[in-house]
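Chemist: Listed below, chain by chain, are the residues.
4 protein chains.
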Amino acid sequence: MEAQAQALAEAVSQAMYERDVAVRALGISVVEARPGRASASMRVRADMLNGHAICHGGLIFTLADTAFAYACNSYNKSTVAAAASIDFLRPARLGDALTAVATERVRSKRSGIYDVAVHNQHGEAVALFRGRSHELASAVLETVTP
Amino acid sequence: MEAQAQALAEAVSQAMYERDVAVRALGISVVEARPGRASASMRVRADMLNGHAICHGGLIFTLADTAFAYACNSYNKSTVAAAASIDFLRPARLGDALTAVATERVRSKRSGIYDVAVHNQHGEAVALFRGRSHELASAVLETVTP
Amino acid sequence: MEAQAQALAEAVSQAMYERDVAVRALGISVVEARPGRASASMRVRADMLNGHAICHGGLIFTLADTAFAYACNSYNKSTVAAAASIDFLRPARLGDALTAVATERVRSKRSGIYDVAVHNQHGEAVALFRGRSHELASAVLETVTP
Amino acid sequence: MEAQAQALAEAVSQAMYERDVAVRALGISVVEARPGRASASMRVRADMLNGHAICHGGLIFTLADTAFAYACNSYNKSTVAAAASIDFLRPARLGDALTAVATERVRSKRSGIYDVAVHNQHGEAVALFRGRSHELASAVLETVTP
Numbered sequence: 001m002e003a004q005a006q007a008l009a010e011a012v013s014q015a016m017y018e019r020d021v022a023v024r025a026l027g028i029s030v031v032e033a034r035p036g037r038a039s040a041s042m043r044v045r046a047d048m049l050n051g052h053a054i055c056h057g058g059l060i061f062t063l064a065d066t067a068f069a070y071a072c073n074s075y076n077k078s079t080v081a082a083a084a085s086i087d088f089l090r091p092a093r094l095g096d097a098l099t100a101v102a103t104e105r106v107r108s109k110r111s112g113i114y115d116v117a118v119h120n121q122h123g124e125a126v127a128l129f130r131g132r133s134h135e136l137a138s139a140v141l142e143t144v145t146p
Numbered sequence: 001m002e003a004q005a006q007a008l009a010e011a012v013s014q015a016m017y018e019r020d021v022a023v024r025a026l027g028i029s030v031v032e033a034r035p036g037r038a039s040a041s042m043r044v045r046a047d048m049l050n051g052h053a054i055c056h057g058g059l060i061f062t063l064a065d066t067a068f069a070y071a072c073n074s075y076n077k078s079t080v081a082a083a084a085s086i087d088f089l090r091p092a093r094l095g096d097a098l099t100a101v102a103t104e105r106v107r108s109k110r111s112g113i114y115d116v117a118v119h120n121q122h123g124e125a126v127a128l129f130r131g132r133s134h135e136l137a138s139a140v141l142e143t144v145t146p
Numbered sequence: 001m002e003a004q005a006q007a008l009a010e011a012v013s014q015a016m017y018e019r020d021v022a023v024r025a026l027g028i029s030v031v032e033a034r035p036g037r038a039s040a041s042m043r044v045r046a047d048m049l050n051g052h053a054i055c056h057g058g059l060i061f062t063l064a065d066t067a068f069a070y071a072c073n074s075y076n077k078s079t080v081a082a083a084a085s086i087d088f089l090r091p092a093r094l095g096d097a098l099t100a101v102a103t104e105r106v107r108s109k110r111s112g113i114y115d116v117a118v119h120n121q122h123g124e125a126v127a128l129f130r131g132r133s134h135e136l137a138s139a140v141l142e143t144v145t146p
Numbered sequence: 001m002e003a004q005a006q007a008l009a010e011a012v013s014q015a016m017y018e019r020d021v022a023v024r025a026l027g028i029s030v031v032e033a034r035p036g037r038a039s040a041s042m043r044v045r046a047d048m049l050n051g052h053a054i055c056h057g058g059l060i061f062t063l064a065d066t067a068f069a070y071a072c073n074s075y076n077k078s079t080v081a082a083a084a085s086i087d088f089l090r091p092a093r094l095g096d097a098l099t100a101v102a103t104e105r106v107r108s109k110r111s112g113i114y115d116v117a118v119h120n121q122h123g124e125a126v127a128l129f130r131g132r133s134h135e136l137a138s139a140v141l142e143t144v145t146p
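Going down the list, the sequences are from chains A, B, C and D.
In terms of our numbering, the first sequence opens at residue 1 and continues consecutively.
In terms of our numbering, the second sequence opens at residue 1 and continues consecutively.
In terms of our numbering, the third sequence opens at residue 1 and continues consecutively.
In terms of our numbering, the fourth sequence opens at residue 1 and continues consecutively.
Isolated chain A, as found in the complex:
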């Protein structure tokens, strides 16, 4: 049962990642996909710096939002973000290796709450993100054998 859920989470993650041009263009890797949980990592590139010479907050959000997306789609129900909030705790700089870990807090009928923590390579917290998911009627993998 658990093994099946885990296999499904991995299959969904791989299929999503292949289609996920935005995430690949940003060099984001999805390093873990489990039922209700996912991790993603990103290195801060020169083309991610804003006018203050730190990583654009939008791209830190994008990393967190990606971990959130892979966590909430892990059951093979197409799921999108309805809302999200982020607290920025510390700037990220050129070359920093950021990791976002998304954890499911609650999941009910059609919606869920996921917490994402973003840390840098020193283990320092860079941002805390909370997302509210909304499940659509379709599946991510249409041809999955149940």
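By construction, these hints were calculated from the structure, which means they are not laboratory data.
The reader is advised that the hints may include incorrect statements.
As the list claims (entries may be wrong) - Mimicking SDA-like on lysine to any residue, the simulated pairs with C-alpha atoms at most 25 Å apart in a straight line are:
hint, chain 1, residue 1, chain 2, residue 2
1, C, K109, A, S108
2, D, K109, A, A137
3, D, K109, B, V80
4, D, K77, C, H52
5, C, K77, C, E18
6, A, K77, A, A137
7, B, K77, B, H119
8, D, K77, D, A53
9, C, K109, A, A137
10, D, K109, B, R37
11, C, K77, D, A53
Claimed, not checked - Counterexamples of contact, computed for chain C against chain A with all Cβ distances above 10 Å:
hint, residue
12, R34
13, I54
14, A83
As the list claims (entries may be wrong) - Pair ranges (Cβ atoms, derived):
hint, chain 1, residue 1, chain 2, residue 2, range
15, A, S29, B, R43, 39 to 47 Å
16, B, Q14, D, H122, 55 to 63 Å
17, B, L136, A, S29, 29 to 37 Å
18, A, A137, B, M1, 51 to 59 Å
19, A, E10, D, R24, 36 to 44 Å
20, A, G27, C, A137, 39 to 47 Å
We treat Cβ as the ideally placed atom computed from N, Cα and C, and that holds for glycine.
Dock chains B, C and D against the given chain A, drawing on the hints supplied.
Modeler: For chains B, C and D alone, kept in the frame of chain A given last:
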């Protein structure tokens, strides 16, 4: 007085934009910069689509966050985002022309609240964003004549 | 048409207020009810002060949430809060007369976004609130003639 | 060291509670106070019900905000809420016994992030709250021997 504030907002915006590699890499234009207010636009490119074939929510956030950044830095005090929240109302698709308009709601000593609305080319609301700013001690343009 | 919508908003507001024990216990008045818009006011009483001798932030939230509730129920569809966020800008003190004005930003099928601003008797902003509504299947007034 | 921090947290909590008229008027108990952590409980009374005959969301927020306040003041630095967000997951009904547990996620110079989960007597999640704290210059207990 107002003309001076407007000239300062424009000078800050230009200087920030020149350094703002992330925003230029995403093809974002800053189309208006006024004291406490800014607009930015972005066309949804193929490399912005996620695994559901719609614009990655993180990049819609990035557009809104950019308008917010230019609005809250317009007084030539270096200002960063402390926190932000976003509600996603409607997906954005390949080729959509998105515009984010940031408006100051309050600004006090070292912090402020800015609302950003993102619309598509049909005038439909795509996202609502609210950001909390935090002012640093430095200036954006160090050499401005007061 | 507009007159009908306004009459419905007022009828819903009155019916809700009669049943709304919590709001009456806090001395909150609903001073305006229009389609998608409502205002509520509250005087800060001695039994609303927290350990810092200022109005408990939860009660400022409650005032804002009340204006939100009357605004989003104004169409006679039972509607509850799915989520809300608040920024506290200035403390409220004993005797302060607070007013919360809720405005609809967007409303679609089953959800909406409402902004609420809370001001004191000097017109100073005390808090900004944003709520996400969720429409239930029932009506507030079951016996309304359409 | 830890024992001292724990004793301080308890002394602060007791002193705050004695002055905290709002919390006592709502029948809220502070059932645990530790450095960076606090729990509070509240029974839903008849005078807490709104027009839908469920507990007013503002009072669920108030309970969560109270746990947050006792957690972030536990170091004897006067600390207030700068902002908070809440997701409502399930209604609370007359007689429900609600418990809010606040946990510190990060704390730096003058601000911190605290997560609060509110559950009912069946262990079901009623709301998730996240608060951003702002430290003032004063102490809660002015006469503490360091």
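Chemist: Could one say that the CB atoms of S29 of chain A and R43 of chain B fall in the range 39 to 47 Å?
Modeler: 27 Å, violated
Chemist: Between L136 of chain B and S29 of chain A, is the Cβ distance one that fits in 29 to 37 Å?
Modeler: Holds, at about 32 Å.
Chemist: Quick check for students: does the CB of A83 of chain C sit more than 10 Å from each CB in chain A?
Modeler: 6 Å, violated
Chemist: Taking the Cβ atom of A137 of chain A and the Cβ atom of M1 of chain B, is their distance within the range 51 to 59 Å?
Modeler: Cβ of A137 of chain A to Cβ of M1 of chain B: about 56 Å, so the range 51 to 59 Å holds.
Chemist: Between K109 of chain D and A137 of chain A, does the CA-CA distance stay at or below 25 Å?
Modeler: 46 Å, violated
Chemist: Is the gap between the beta carbons of Q14 of chain B and H122 of chain D within 55 to 63 Å?
Modeler: Holds: the Cβ-Cβ distance is about 59 Å, inside 55 to 63 Å.
Chemist: Need the status of pair K77 of chain A, A137 of chain A: alpha-carbon distance at most 25 Å?
Modeler: 7 Å, holds
Chemist: Check the hint pairing K77 of chain C with E18 of chain C against an upper bound of 25 Å on the C-alpha distance.
Modeler: Cα-Cα ~17 Å, so holds.
Chemist: Could you grab the alpha-carbon distance between K77 of chain D and A53 of chain D and see if it respects the 25 Å cut-off?
Modeler: 39 Å, violated
Chemist: Please verify whether K77 of chain C and A53 of chain D have alpha carbons no more than 25 Å apart.
Modeler: 15 Å, holds
Chemist: Holds or violated: K77 of chain D and H52 of chain C, Cα atoms, limit 25 Å.
Modeler: Holds: K77 of chain D and H52 of chain C sit about 12 Å apart, inside 25 Å.
Chemist: Please test the hint of 39 to 47 Å on the beta carbon pair from G27 of chain A and A137 of chain C.
Modeler: With a Cβ separation near 46 Å, G27 of chain A and A137 of chain C satisfy 39 to 47 Å, so the hint holds.
Violated hints, in rising order: 2, 7, 8, 10, 14, 15 and 19; the structure is consistent with all others.
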